[in-house]
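With the hints as a guide, bring the two chains together.
Chain residues, written in single-letter form:
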Amino acid sequence: MAIALSLHLFPSDHGGRTRVLPEDARQGTSGPSPSGEIDLMGHLFRRADIQPVSVIAGVPAYIWRHGSGPTAAAMVLGYYDGLGFPDLFPGDAKVQTDTVNQKIASEEHYLDYGLPIDSPPLLLPDKSELPEGDEHADNCLADYMWTSQSVYSNYYGWTWGTDVKFGMEEYVRATTSYAIIATTNRFFNIMWTAVKNEILSNRPMIFFVDTDADGEPDHFVTVIGVAEENGVAYYGCYNTWDTGIHWYPYRQNAPGVSWGVHSVNTVFVEHGVHPPANFGIQRIENSFIFFKEYINRLTWEANPENRSKIVRYRLFRKPSAEDDASFELLAELDPEVLRYDDRGLGKDAVFLYKITSVDESGTESIPALAGN
Amino acid sequence: MRKGILAAAALLVSLQAPAMDLRVGCALGTRSIDDESLREAYGPGTVYFPYAALSFWKGAAVGAGFETGYSKEAKLGLYKEASSLKIQGFEIFALYQLKFDALHPYLKAGYGFYSYSQTLDSPIAPLFRVDARQGAPILAGGFNLHLTEGLYLSGEAKYVPLTVKPFDEEVDLGGLRYLLGIGYAFKF
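Chains as they are written, first to last, in the numbering used here: chain G, 1 to 372; chain C, 1001 to 1188.
Chain C extracted, bound-state conformation (with noise of 0.2 Å):
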């Protein structure tokens, strides 16, 4: 058995190994949000995802990466209290990319464990703790520019449907995010 996935690896390897790449990047940009009593408060902010994904088959990839910096503060309720909201998650994607010449534009499909927390600074904050984790699907599309055989810039589109409902109301962290990286593909 163990001897078997060996040579199925070798065999993978051998069969791919002159199309395989892997990808390290950045992108930053912005993102929104559709709940609207969130909007109105905090606003849409800024993201930042730096990412990696290993190419293993002509155009598809499979990767990793990690959204973080939405980080925003509001005054919230009758009595306009000082908070914070935060939101976070680690996705997993594969990704299909086509080549035009230095162009690749691609789509992307994942999922992603997010997690959210508010801070309150009221007397009732211990009451009412928000501070969870929730899974979402991703769905993305973009393109990768090249400069150079392995240098990129990137521009995509993300769109994440997250719900989530800690306590009796039910509130959309979803929202589409732009964003603008750079990167590089490591060839071998």
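The shape of chain G in the complex, shown without the other chains (with noise of 0.2 Å):
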């Protein structure tokens, strides 16, 4: 089952989101078991047959849990987190202990937003309504992709297919100091080739896909493997309903055609560079008796959340009034410097400054900022 909505406009949410999704987003329907005539066993390779299989060791499988959605990122944070990322759940993800189950829907969000549960056509609200305040701060995944809640016409377990992508980031940035890359793309735009690629990266992705054949996308899945058998594409997916894996050809979700791929999402975890700390700045009068120079010394600190080495800073400067189009690059630093004095001020310039920490790999971090 899917509804749409024409215009989908909800209040800002308590993270301060204003909801304005497109014409065509879709919600995740599916509850904790399969519902109607679907195929849930998918294709079953004949061995001999198999062209390249290719599936990604150490994705854990979780069973649904007040969520498709919640349930199906949850594996892929859950993969990530034994790849490395031990901040992503507490505990071990290998299996779906409890504490990772209070990670992909914690039990304040099962009674705040969970219940009372409901089921089209009746919304019953829940503290997602007004007034604000009464529901617990976000702790879990589904908190983060807005599962079950009433204001934003999520029914009990569904998940609007937007919301997983960033779900998982605002989980990730809330509760780690990891970086994530995710992205969501419509079927028609992305190549077979480029979801064989990220399996055979190792990078575990969610689809939405349309398990009933009615036309429109109900339910999320973790898809960890490609194959390809007589020139079909498959995927291999788990489907939070069981810990196999299930394969299904890789075809746009139409009215019909079962388990067809509405949109993929695509994830990354890395560690994330963070700017320096404590960026400061301390304004300086350096006096040659004929004239005095005004410096504004810029101090920082190394930033203890970087595990990646960082091999330089850069440091910008505009004139203040200018918008951030005018930074310009005023040096580039090794990591251990941890001051620069940008000498030679006017008695009234004045600057806003910004610093980025660049790893080994490249990656820049946000800029922090000092003004004087």
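Derived from the structure by calculation, the hints contain no laboratory data. As the structure is a computational prediction, the values presented were derived from the model and not from experiment. Glycine is no exception: its CB is placed at the ideal position from the N, C-alpha and C atoms. Misleading hints may appear alongside valid ones.
[As the list claims (entries may be wrong)] Below are the DSS-like pairs computed for lysine-lysine, each with C-alpha atoms no more than 30 Å apart in a straight line: (1) G:Lys-292 to C:Lys-1086; (2) G:Lys-347 to C:Lys-1075; (3) C:Lys-1080 to G:Lys-292; (4) G:Lys-347 to C:Lys-1165; (5) C:Lys-1080 to G:Lys-354; (6) C:Lys-1075 to G:Lys-292.
[Claimed, not checked] Which stretches of chain G does chain C cover? Using the computed rule of at least three CB atoms under 8 Å from a CB of chain C, they are: (7) 303–310; (8) 340–354.
Next comes the structure, spelled out in structure tokens:
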């Protein structure tokens, strides 16, 4: 089942985001178990016919917990958790422990938004409705995806397709120091070769698929494999209803197309590069008797959250009154340098500075700002 | 008109001829710096003052000289950057002296055209170039002690109030000079 609204406008959420969803936005509507007559098994390969099958090892298989969106996303993050990103989930995420469950959809989430359990056509209000403040603080993927929240027209377990990506990003940013790069691509905007490349690069994905072939997507799955047989491309996924890998042809969703793909979410988690800490500025006068130069002394500290090796800092400056396009590179500094004197300034010169960290892979952090 | 000027000059020469002399000498000494910051950084220095003066009526004379020699180095500012300061100037003056046997005390007043420059070994040096000129009055008093009719020793105290402001900061380059010298008076 799917519900499409012609224009989706929602009040700003308790995180401050204003919801303006695209006209073709769709919701994942699946429940804790498959509904109706769907092909739950998927394609079975005859071993001899299998062309190269690639399956990413180490992706945990989780069972549906209060929504397929947070469950599918959790499997991807659980995979990265075992790849050296242990802050994504507390404890071992290889299996779906209660701790992992709390990060997929916490008990508070269920109490505040899951209850009262509702289903179409009667949307029952939950604590996402006004007044603000009576709900718990976001603490799980389902919270960040606004899963089940009635204020966003979500019945129990439902999640908007576009919110899976944003929810993952928010969760990672809010709970870790890692950086996440996620994209959402409609089926017709991503080539099969690109999908294959993600799997061959050991990056599991989240597909938004149409399980019941009614032409509308309804379920999120975690894609961990690709295969080709007799010229047909297949994706292999954990479907949140069991822990097996299921294979389906890679086709666009349409009426009559079971497990057709509506959109593809790619995800990549990396150790974030953070800007230097405690970036500050001090105004100094330096007298040469006949004249004074004014100096903006900029200081910073190495950011202890950086796990990759910082190879340089980049310092920029612009007159405060001008727009950000006016920032010019002032200096590139070695990582052991933690001070820079911007010299020869006039008495009334007012500048805004920004500094970024660059790690050995060339990744540059967001800037830290300081102005006099 | 031209004939009139020539006639007046001839009359002046004929009337004053017995009292005229041309004094040429050189004085050496120290100068102080009024500005506290400048004094702390560069300190007092040595100056030389070659000059010539022509007496034209009784004890009155006019002359010109060039004060030079003050060139000092110091490390300035937060970064202790090397710098130098040089002050010199061309002076014109008038003096009146008395004669007590070999001792000829005098008072002198005039005007100096001074140049001052500061060099700086700093990346910001191109932004602040200190190389300017400024005039200032001169007041001095001293004596000439004649060893012979022509040869004399001299002593002088000279003060020049010179305040400059090449940028926002006003700096007092003025100071007192104590000079000793030697000279010769050519009489004609």
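Now for the hints, and whether the structure bears them out:
no., hint, in the structure
1, G:Lys-292 to C:Lys-1086, "holds (19 Å)"
2, G:Lys-347 to C:Lys-1075, "holds (23 Å)"
3, C:Lys-1080 to G:Lys-292, "holds (14 Å)"
4, G:Lys-347 to C:Lys-1165, "holds (16 Å)"
5, C:Lys-1080 to G:Lys-354, "holds (28 Å)"
6, C:Lys-1075 to G:Lys-292, "holds (15 Å)"
7, 303–310, "violated (count 0)"
8, 340–354, "holds (count 3)"
Of the numbered hints stated above, the single one contradicted by the structure is hint 7.
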